[in-house]
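Residues 31 to 212 (the numbering used here) make up the sequence shown, in order.
I should point out that these hints are in silico values taken from the structure, not numbers from a laboratory. Note that the Cβ used here is the ideal one computed from N, Cα and C, for glycine as well. Certain hints may be false.
Below are the EDC-like pairs computed for lysine to aspartate or glutamate, each with C-alpha atoms no more than 20 Å apart in a straight line [as the list claims (entries may be wrong)]:
(1) Lys120 to Asp104
(2) Lys115 to Asp168
(3) Lys115 to Asp194
(4) Lys120 to Asp194
(5) Lys115 to Asp59
(6) Lys115 to Asp203
(7) Lys115 to Glu60
(8) Lys115 to Asp104
Per label pair, the in silico range of CB-to-CB distance [stated by the list, open to error]:
(9) Thr142 to Gln74: 20 to 26 Å
(10) Ala111 to Thr132: 35 to 41 Å
(11) Ala111 to Asn183: 38 to 44 Å
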Amino acid sequence: MSAFNRIRCIVSLVLVALLVVPPLPLRADEITTLTAMADATLQQGSPAANDGTAAVLRVLGVSAESVRSLVRFDLSPIDSAAAVKVANLKMLIAQAPTASRTLGVHRVTGSTQWTEGGATWDSRDGTVPNNWAAPGGDFHANAISSQSSGTTNGATLNWSILSDGVVSNIVQDWLSTPANNL
31 MSAFNRIRCI VSLVLVALLV VPPLPLRADE ITTLTAMADA TLQQGSPAAN
81 DGTAAVLRVL GVSAESVRSL VRFDLSPIDS AAAVKVANLK MLIAQAPTAS
131 RTLGVHRVTG STQWTEGGAT WDSRDGTVPN NWAAPGGDFH ANAISSQSSG
181 TTNGATLNWS ILSDGVVSNI VQDWLSTPAN NL
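Please take these sequences and the hints and turn them into a complete structure.
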């Protein structure tokens, strides 16, 4: 464990959705596994830094520094008529902290999509300074799900990401209204 006490997560985050796909006759439940199509880490201590091309996501910062990770999925492999029943986000902890931390998953909000090569603590896309509504990114305050990081390298965390109490079925919303998949 480095002195920076951070978690490193493999970028190949996986969104698993259990689906029922109409029309009749209904097929048996299907599982679709998606890997992230874009990701970036926002760092309060380096507000202009972009690491969208890094091989890992940092989810904990140096001491009191806030760090937020963004992940977006291409949902096109899922039939637009599918009924999403279960959605999970899985993350592999490559380097665990010495003390367990609670990690929350939140829905990104706003009206424009962030970019992998431009997102920073201060900017969605790297071209317009301060175009998040608040530094550190725009996200819904209600966590969709929270998990303890644990202290074991190689552990897999699994968050249910179906609802955050505001949107009853987040992945279904993204399928129905792709512009909401920020």
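Going through the hints against the structure:
At most 20 Å may separate the alpha-carbon atoms for a hinted pair to count; Lys120 and Asp104 meet this at roughly 16 Å. A distance of roughly 27 Å separates the Cα atoms of Lys115 and Asp168; the hinted pair therefore is violated under the 20 Å criterion. As the CA atoms of Lys115 and Asp194 are separated by approximately 15 Å, the hinted pair is consistent with the 20 Å bound. Taking the CA atoms of Lys120 and Asp194, the gap is near 17 Å; set against the 20 Å cutoff, the hint holds.
Proposed proximity of Lys115 and Asp59 is supported: the alpha carbons are some 9 Å apart, at most 20 Å. A hinted pair counts as satisfied when its Cα atoms are at most 20 Å apart, and Lys115 with Asp203 qualifies at roughly 12 Å. Our distance criterion of 20 Å between C-alpha atoms is met by Lys115 and Glu60, whose separation comes to about 10 Å. Distance restraint check for Lys115 and Asp104: the Cα-Cα separation of roughly 18 Å lies within the 20 Å cut-off, and the hinted pair is therefore satisfied.
Between Thr142 and Gln74, the C-beta spacing of about 21 Å keeps the proposed range 20 to 26 Å intact. For Ala111 paired with Thr132, a C-beta distance near 37 Å keeps the hint of 35 to 41 Å intact. Between Ala111 and Asn183 the beta carbons are some 41 Å apart, a value that agrees with the proposed interval 38 to 44 Å.
Consistency with the previously given hints fails for number 2 only.
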